[in-house]
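Participant: Chain by chain, the residues run as shown.
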Amino acid sequence: QQQVKQSPQSLIVQKGGISIINCAYENTAFDYFPWYQQFPGKGPALLIAIRPDVSEKKEGRFTISFNKSAKQFSLHIMDSQPGDSATYFCAASKGAQKLVFGQGTRLTINP
Amino acid sequence: EAGVAQSPRYKIIEKRQSVAFWCNPISGHATLYWYQQILGQGPKLLIQFQNNGVVDDSQLPKDRFSAERLKGVDSTLKIQPAKLEDSAVYLCASSLGNYNEQFFGPGTRLTVL
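Heads up: the sequence lines are chains A and B, in that order. Residue numbering for the first sequence follows the working numbering, starting at 21 and increasing by one per position. Residue numbering for the second sequence follows the working numbering, starting at 1451 and increasing by one per position.
Okay, chain A solo, but in the shape it has when bound:
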């Protein structure tokens, strides 16, 4: 199975709050799990990525939590800011090629 399921479809968070987006995958051969951020009219841009040998990776306000046994991973955005308002996509692949993307989450941060 190649699917990556992402939830929620849309999310509204107050400024300063924590935004949490979840993804689940089925293919146990996947070993690369990136999160992409996409603004309207732009291509996706890599935000942060994790490999299954660690359970958590943090870069600034962005953290990926990874649960290999549950085949789930999530993105946490701490101290969410209006500039974080965008569509976020999780993805998974073997290596970093042939990415399989989730359906996307439209995040809105209210000031």
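Honestly, the hints are just simulated from the structure, not real lab data. Note that the coordinates shown come from a computational prediction; the quantities given were computed from them, not determined experimentally. Treat each hint with caution, since some may be false.
Pairs of lysine to any residue residues, derived as SDA-like cross-links and limited to a Cα-Cα distance of at most 20 Å, are as follows [unchecked claim]:
hint, chain 1, residue 1, chain 2, residue 2
1, B, LYS1461, B, ASN1550
2, B, LYS1533, B, LEU1489
3, A, LYS118, B, ASN1550
4, B, LYS1494, A, GLN22
5, B, LYS1494, A, GLN117
6, A, LYS62, B, LEU1496
7, B, LYS1494, B, ALA1538
8, B, LYS1494, A, TYR52
9, A, LYS25, B, ILE1488
10, A, LYS62, B, GLY1453
11, A, LYS118, A, THR48
12, A, LYS62, B, ARG1559
13, A, LYS62, B, TYR1460
14, B, LYS1528, B, VAL1562
15, B, LYS1512, B, GLN1500
16, A, LYS118, B, ASP1507
17, B, LYS1494, A, ASP51
18, A, LYS114, B, GLN1509
19, A, LYS62, B, PRO1556
20, B, LYS1494, A, GLU46
21, B, LYS1461, B, GLU1551
22, A, LYS62, B, SER1457
23, A, LYS118, B, GLN1500
24, A, LYS114, B, VAL1504
25, B, LYS1461, B, SER1537
Chain B: place on chain A using the hints.
Facilitator: Just chain B now, with coordinates in the frame of chain A:
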């Protein structure tokens, strides 16, 4: 460093017409990808090139879609004839190699009427 360039940015055509998109990857990037992103969905890989050879085209509708990367740099994606369901954003991405981060271009938004 210049990013991935794509043109045109927008294209409107009638169904059954043909259309072509162009991509210029980041200099030195050997791997090039074409993705289709339908409104409200995540990108779906259509084809992957390593230099000028095809690595994966398993999800390319070959009866109407074709792509080439003749000199291992620029690439073109063609649709002939277009269908209504081809309306989407076509994204080009490139990476240093098969196992490196992918950098995306801004995409070409295609509307088929």
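Participant: A separate judgement is required for each hint: does it hold in the structure or not?
Facilitator: Here is how each hint holds up against the structure:
1. For the hint pairing LYS1461 of chain B with ASN1550 of chain B, the CA-to-CA distance comes to about 31 Å; that exceeds 20 Å, so the pair is violated.
2. Restraint check: the Cα-Cα separation between LYS1533 of chain B and LEU1489 of chain B comes to about 16 Å, which is no more than 20 Å; the hinted pair holds.
3. Among the hinted pairs, LYS118 of chain A with ASN1550 of chain B is consistent with the structure: their alpha-carbon atoms are about 11 Å apart, no more than 20 Å.
4. Restraint check: the Cα-Cα separation between LYS1494 of chain B and GLN22 of chain A comes to about 11 Å, which is no more than 20 Å; the hinted pair holds.
5. The hinted pair formed by LYS1494 of chain B and GLN117 of chain A meets the criterion: a straight-line CA distance of about 12 Å does not exceed 20 Å.
6. Of the supplied pair hints, the one linking LYS62 of chain A and LEU1496 of chain B holds, its CA atoms being roughly 19 Å apart against a limit of 20 Å.
7. Restraint check for LYS1494 of chain B and ALA1538 of chain B: the C-alpha separation of about 11 Å stays at or below 20 Å, so the hint holds.
8. Taking the CA atoms of LYS1494 of chain B and TYR52 of chain A, the gap is about 17 Å. The hint holds against a cut of 20 Å.
9. With a C-alpha separation of about 16 Å, the suggested pair LYS25 of chain A and ILE1488 of chain B falls inside the 20 Å cut-off, and the hint holds.
10. Between LYS62 of chain A and GLY1453 of chain B the CA atoms are separated by roughly 12 Å; this keeps the pair inside 20 Å, and the hint holds.
11. For a cut-off of 20 Å, the pair hint linking LYS118 of chain A to THR48 of chain A stands: about 15 Å separates their Cα positions.
12. Only pairs whose Cα atoms come within 20 Å are accepted, and LYS62 of chain A paired with ARG1559 of chain B is accepted, the gap being roughly 11 Å.
13. For the given pair, LYS62 of chain A sits about 13 Å from TYR1460 of chain B by alpha-carbon distance, which is consistent with the 20 Å threshold.
14. Distance restraint check for LYS1528 of chain B and VAL1562 of chain B: the Cα-Cα separation of roughly 14 Å lies within the 20 Å cut-off, and the hinted pair is therefore satisfied.
15. The hinted pair formed by LYS1512 of chain B and GLN1500 of chain B meets the criterion: a straight-line CA distance of about 19 Å does not exceed 20 Å.
16. Under the criterion of a C-alpha separation no larger than 20 Å, the hint pairing LYS118 of chain A with ASP1507 of chain B is consistent with the structure, at around 10 Å.
17. Straight-line distance between C-alpha atoms of LYS1494 of chain B and ASP51 of chain A comes to about 18 Å, which keeps the hinted pair within the 20 Å bound.
18. A distance of roughly 17 Å separates the Cα atoms of LYS114 of chain A and GLN1509 of chain B; the hinted pair therefore holds under the 20 Å criterion.
19. Between the alpha carbons of LYS62 of chain A and PRO1556 of chain B the distance comes to roughly 5 Å, so the proposed pair stays at or under 20 Å and holds.
20. For a cut-off of 20 Å, the pair hint linking LYS1494 of chain B to GLU46 of chain A stands: about 17 Å separates their Cα positions.
21. Of the supplied pair hints, the one linking LYS1461 of chain B and GLU1551 of chain B is violated, its CA atoms being roughly 28 Å apart against a limit of 20 Å.
22. Simply put, LYS62 of chain A and SER1457 of chain B have alpha-carbon atoms about 13 Å apart, close enough for the 20 Å limit, and the pair holds.
23. A distance of roughly 12 Å separates the Cα atoms of LYS118 of chain A and GLN1500 of chain B; the hinted pair therefore holds under the 20 Å criterion.
24. Of the supplied pair hints, the one linking LYS114 of chain A and VAL1504 of chain B holds, its CA atoms being roughly 18 Å apart against a limit of 20 Å.
25. With a CA separation close to 10 Å, the supplied pair LYS1461 of chain B and SER1537 of chain B stays within the 20 Å bound.
In this structure, the hints that do not hold are numbers 1, 21, in rising order.
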